[in-house]
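**Student:** Take a look at the letters that make up each chain.
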Amino acid sequence: MSTTTATHHDDHGDHGHPTGIMRWVASTNHKDIGTLYLWFSFFMFLFAGAMALGIRAELFQPGLQFLEPEQFNRLTTLHGLIMIFGAIMPAFVGFANWMVPMMIGAPDMAFPRLNNMSFWLLIPAALLLIGSIFVPGGAIAGGWTMYPPLSIQQGMAMDMTIFAIHILGISSIVGSINIITTILNLRAPGMGLMKMPLFIWTWLITAFLLIASMPILAGAITMMLTDRHFGTSFFDAAGGGDPVLFQHVFWFFGHPEVYIMILPAFGIVSTIIPAFARKPLFGYASMVYATSAIALLSFVVWAHHMFTTGMPVAGQLFFMYSTMLISIPTGVKVFNWIATMWRGSMTFETPMLFSIAFVFLFTLGGFSGLVLAILPVDIQLQDTYYVVAHFHYVLFSGAAMSIMAGVYYWLPKWTGHMYDETLGKWHFWLTTIAFNITFFPMHFTGLAGMPRRVPDYALQFAEFNMISSLGAFALGISQLLFLYVVIKCIRGGEKAAANPWEGAEGLEWTVPSPAPFHTFETPPTVK
Amino acid sequence: MSQNTKNYYLPGASFWPLIASIALFLMAAGFSMSLNDMAIGTSILIAGGVVFAYLLFGWFADVVKESVSGFYNKQVDASFRWSMGWFIFSEVMFFASFFGALFYIRNVSLDWIEAGKVWPDFVAVWPTAGPAATEALVGMGPWGLPAINTVILLISGATLTYAHWGLMKDNRKQTIIGLLLTIALGVIFLYLQVHEYAEAAFTMAGSGIYGSTFYLLTGFHGLHVTMGTIMLAVILFRIMKGHFDSHNHFGFEAVAWYWHFVDVVWLLLFIFVYWL
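Same order as they appear, the protein sequences are chains S and Y.
When we follow the numbering used here, the leftmost residue of the first sequence carries the number 1, and every step to the right adds one.
When we follow the numbering used here, the leftmost residue of the second sequence carries the number 1, and every step to the right adds one.
Among these hints, one or two may not hold up.
[What the hints assert, rightly or not] Computed footprint of chain S on chain Y, listed as stretches where at least three residues anywhere in the stretch have a Cβ under 8 Å from a Cβ of chain S:
| no. | stretch |
| --- | --- |
| 1 | 11-23 |
| 2 | 31-40 |
| 3 | 75-86 |
| 4 | 97-104 |
| 5 | 107-118 |
| 6 | 129-143 |
| 7 | 208-220 |
Derived from the structure by calculation, the hints contain no laboratory data.
The beta-carbon is built from N, C-alpha and C at its ideal position, and this holds for glycine as well.
Let's have the full structure, built from the sequences with the hints guiding it.
**Tutor:** Structure representation (structure tokens):
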């Protein structure tokens, strides 16, 4: 299997790259690999979304209707794991693949083969996670955070999940090293660090967070594996260990992970809002510093996830105040987005609609986060639906809706066609309305004390849960419209100009739509 | 096929990534099965390991071929440097998770177990096999084999630098002698480490938190020394084939960085696991 033949090394341009299935399997092209990432993440999004509909079907009415409690817990666990590791993260890596080389004026990623490996490692991980549903004992049911001692007691599915996460970790680390190296080493001449598009900055910092935090998760699940099978006592008090130790190590990874899923979203929104407000981004430098500050703070706030699991008061206070500090750089960002729109000549195409909804709804999620940061309040709200509402406001209306915004914004560049604007707007309104119907009532049920991860609930929560479930099904079905709009755009539509957006800036809009197979064979000069 | 444009090096289509994913799938699935007493698991695990070895040989052979053919320009060299640095940083964080566990247990958990009085007789001392253990645990002191191993690794860092100086002067003999010494010291270290494990009064299973932290920390370090020794042997082989000269030898430097990183981890192990 000689993949390199010296005779062809001076080939230029487009001829000689493989076609058919080999184009995808053996790809070394950042655009093809980006496409693979995006499709993979979309199918995982539908898959894990279907699991969420199972959850909502069960919660439509009090009592047990469709699912055994154990099955219900499996659904919440896998929904979380697959959405995070299978849908949100790969989607952002897909954006990085497509856009980083184009935005910095590079021909491809620094390591095209490793890039393809990062993608193809997702497949065995997905097979292990999904396969774990079918092994004796069924999929893991202890929640996506995998706390011991429950996770020590689970069956074979836990081992498969551990290895799936190890493989995902390798994929993330290799992918991040690739992205960081590309950004630091392959920028076009003249593009200094403070001239980089903000999306590039956010991904640079995200990649750093991934390289710093994924090995910590690997350590945590390795300790779990040896506790399960090799007689160690890391999480067993009888042997001198501590189950809370797992929570510390896990959340030391877990909180940076939260920002891994939102910083690229900031980057996308910071690209789109100036384009449709027809004004440069307000406060570029402060955006860069705010992003860096959020990233650094993310390493000193982890224990706010575990206020109720045992910690000295001094520790609780430290983590409460450090968590609140994060609202300052985040506030800078929200202020800058609004100031960018201030007195701009705005138009409201689908990407802009999603971005404005992002600013509004993500900020709501940020506020409920601030509420949860307050120690005495958190002790009341820990593990209630208020928490579920909070993280869906930052992860769905934050991360997922920024992904949708980005897809609509760059689809013309990717496919060479304009998407159907009317259908796009339908998708936006259906998604936004259904999302709020689903998750806004959870603030109320949570405040009233409804616990998460339980398939049954007290009668007084029935109305709000019914509303949530109806919203969830509308939200799920609306995403099929998204699929339809994307496929329609790929198959045809109005021809897109090199820059279809009046106010869009950046190197990616200087090349034809669709972008050529290799974008910049000679580096452009950036002034 | 690789497309080498005027300004950039771009490798052509490659099947290695797919083979990597197959290898890891087989290893993960096989290991899961064998851990859960399914007889076929071990065979699948071994098959995955074979595919993985084939992958390493094949992919690195491609990279070496491209390097020797002069495809890699200055920019590729800089990319390699950045990426190796970040890779070592990720390894630092991996070890950080185990060191963090050790510090947390020693400074926080054990006191809590004592204060909790679930085991009224338990006293938080280090080393400990935990409150449920029936006999006292004798830990591994620093001034026997561990001290010797520290000296061995420190000398190996010096011999590696000696080899590097030889490479800088295009003095191949000096490079080979330096590398041979380094590899020999690495092997002696590993031998002594295995000896230490065999002589230890405690095992990984059933020696509580002391055994857990001791074996995972030193075990992962030992794995890294093993990897580093193999990598050094590959570099020695490439030096003998004449792949490197005084200007072009990042492969050597990458392995040297890795070796020094493993060295530093050992010093931390010596202080925090054996000594304090």
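**Student:** Take the hints in turn and mark each one as holding or not.
**Tutor:** Evaluated hints:
1. 11-23: With 11 residues in contact (Cβ-Cβ under 8 Å with chain S), the coverage given for the stretch 11-23 of chain Y holds.
2. 31-40: Holds: 5 residues of the stretch 31-40 of chain Y have a Cβ under 8 Å from chain S.
3. 75-86: holds (count 6)
4. 97-104: Since 5 is at least three, the answer is holds.
5. 107-118: Our answer is that it holds, as 6 residues pass the Cβ test (under 8 Å) against chain S, meeting three.
6. 129-143: Since 5 is at least three, the answer is holds.
7. 208-220: Since 8 is at least three, the answer is holds.
Violated hints for the displayed structure: none, as all numbered hints are satisfied.
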